[in-house]
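Participant: Here are the chains, one letter per residue:
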Amino acid sequence: MENKAAIELRGITKRFGSVVANENISLTIRKGEILSVLGENGSGKTTLMNMIAGIYHPDEGQILVNGEEAAIHSPKDAYDYKIGMIHQHFKLVNVLTATENIILGLKEKGRYNVEKSAERIKQISNAYGFEIDPHKKIYEMSVSEKQTVEIIKVIYRGAEILILDEPTAVLTPQETVKLFQILRNMKQDGKAIVIITHKLHEVLSISDKVAVLRKGKYIGTVETQNATEKSLTEMMVGKAVSLNIERPETKNQEVRLSLTNVNMTNKEGVAMLKNVSFTAKSGEILGIAGIAGSGQKELLESIAGLRQIQSGSILYQNPQTGKEENLRDKTPMQIRNLGVRLSFVPEDRLGMGLVGNMGITDNMMLRSYKKGKGAFLQRKQPKSLAEKIIRELEIVTPGSDTPVRRLSGGNVQKVLVGREIEAAPTVLMAAYPVRGLDINSSYTIYNLLNKQKENGTAVIFVGEDLDVLIELCDRILVMCHGQISGIVDGRKTTKEDIGIMMTTVKNETGNEESK
Amino acid sequence: MDAIAYFLQRTIAQALPLLFGSTGEILTEKSGNLNLGIPGIMVAGGVAGMISATVYEKTAANPIGIVSVCISFLFAILCAGLVSLIYCFLTVTLRANQNVTGLAITIFGTGFGNFFGGAIGKLMGINDISILMTVDTYKKTLPFAKNLGWFGTIFLEHGFLFYLSIIIAVLAAYILKHTRTGLNLRAVGENPATADAAGISVTKYKYLATCIGGSIAGLGGLYYVMDYSRGTWDTQSFGERGWLSIALVIFVIWNPDLAILGAALFGGLYIADVYVPGLSGAQKELFKMLPYVVTILVLILTSRTKKKKNQPPESLGIPYFREDR
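Quick note, the sequences are listed as chains P and G, same order.
At position 338 of the first sequence (counting the first as 1) the number is 338 in my numbering, and the numbers step up by one without a gap.
Position in the second sequence (first residue = 1) + 1000 = my numbering.
Be aware that a few hints might be false.
Stated by the list, open to error - Simulated crosslink set (SDA-like; lysine to any residue; CA at most 25 Å straight-line): (1) G/1307 x P/483; (2) P/274 x P/483; (3) P/82 x P/114; (4) G/1204 x P/113.
Don't read these hints as lab results, they were simulated from the structure.
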């Protein structure tokens, strides 16, 4: 029997200026069902969902809630229709507690009473299986805790229709499993759930139906049980693609970078790296896995010379001179000139590496401003470089002078990674280069990394998706609390093994210390 | 003993405009609006109060003190609120740069004060613009204040605006910390996108907080005109009280209840050069810098400790536009 429709979209169109983000989309969301909305970056998934949540307003078309036409002009209207959206970028106030964030903007009857609300939050948590401390401040929370607050927030408001925008992008495999269990509990409870995601295996494991969008157009909805990763990808991309990440055999390996007993503490005196030792070889991709904040960023920044380490050595084998150089007593500029390049994609994508208000050309120049003669900037070369990157990486932008802030997330990342690769580095450190990217763009990046590997570059790849790490990397280094909990062969290991290593580290006495 | 009591009494008299100004500015900044127009708004409020009192005293057949107080009070908050409304319209609705708008409002408010404050006599065709009856009503103290020795001198020999300023500051602190409205307001200033998504009208909160805050600050100007300088206006001598109020906001790290103490400290420092005996001219000028020096020290301290709760509202000074990405 078909479940009752919770939301029906009819002929929805939304334009931003001359760009059509959604074109004539009709879609049905049913109660007691989990619907995945699948599509590449810029295919309009988030825009479409934002219209249901009242962030945007459709230019054409109707939204029907429970069979009646609904006018959703603001998020508040959406709540009145029992629609709640959990955004990719959490909408939480950092200095407030979980409870305060959850009751924010509510007009409950009776006196303002935080304790009473905290009590209700605990009831909700018990009902669906959340773990949360209602009095913890947001800025003290982990990403997964923040997400929990977001979900409880919409349930607290009585939402019957939940929309989750890429909820698993920032979670560990274990946290993802927990989240999916909670979503299933909600489905049992008769709630309608929409989940936007790029990860096909998650789509297949959690959803009942999959709706596919491509370039702002609605392609179709399929029953998950009749779908495969391959069929979904073809719907999404519009052409057949190979789903296997290539992993060329390694060759001509020589040690490029060797770290011995590196220790680093941050400004607050907390140890961020403890006795880190490993080598990176030319012609291989070394993956780094770990829960966010386990020291990956600090490690890469130490190598790039952006952070002072307290002890240990970082040695670099210069392929040109054959000499061994100590990176510890070099400036970041000297290290970069040696060919050690860092391309870091932070969570907010623009925080490090690119200047949001400048165009692609100007961002290229950030790396080459010292070149050229005289006092004036030479724009020709960076401009042709910018155009080359736009062409080769298929970046969607009105022009090379459009501020990168206006580009979609995936395109911003291509600019960032493309720029570092163009410099023909000997060591390329790419942190989260596919964060939030769709399949097609991700594969472009994987291919770029593989090409670098074949050219004899030592590639260090910090990733979040363990499936990708296992398929792409030759060796995988697992970090936990600033320590290396193991280095495994990408061809032989399993996701579960890495997952365990991510949360457990063997300390000196041999006892296992778990998080 | 008497000298100290008198100094403390003058300290409080100095503190009142600052307390009104900073309470108003805290409410404003909690909504994410950095209103640098506060000095101008205080001037506008004070002058509007003075003009309305003058008009009433000179035109009414039998002017009554309490009526004149009500009229001038009303006009002061109305005028200050109106100028704040201009600021809101420019920064919230038109999303103009807050710093530039604020500075423009300050220049506008001061000019408004200079013009009407100076020209009111001429405009009305009278030479004598004293409004002593209104002033006396403003300055009326509790009848038993004189009998309570030093305590009375310090704390009770003030007009009703003294009590009002403390009530407003305490009330503002209570609203911010213990009510739903306060929670929503803080959310708007910290993260308007979040507040918006939670169904709070960001525009409404910004407008209301800024206009109410501006009106409160306007009372600071009113107190200065009516009580401190006895019904006359001189922009020069009003001086930097407006900017001090803004510095005070930082000094008390956005807590209106702390502002009561902070204002007293600033007030004392502001006039300390007069009461410390044997200072040379240059030393006096150095003394006058003290409030700013302590503000800078507080800024250094709060940024060193990096406590999240001691930081300014996260989106202070940034205009909000829902469909911006």
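Participant: Check each numbered hint from earlier against the structure, then list the numbers of those it violates in ascending order.
Facilitator: 1
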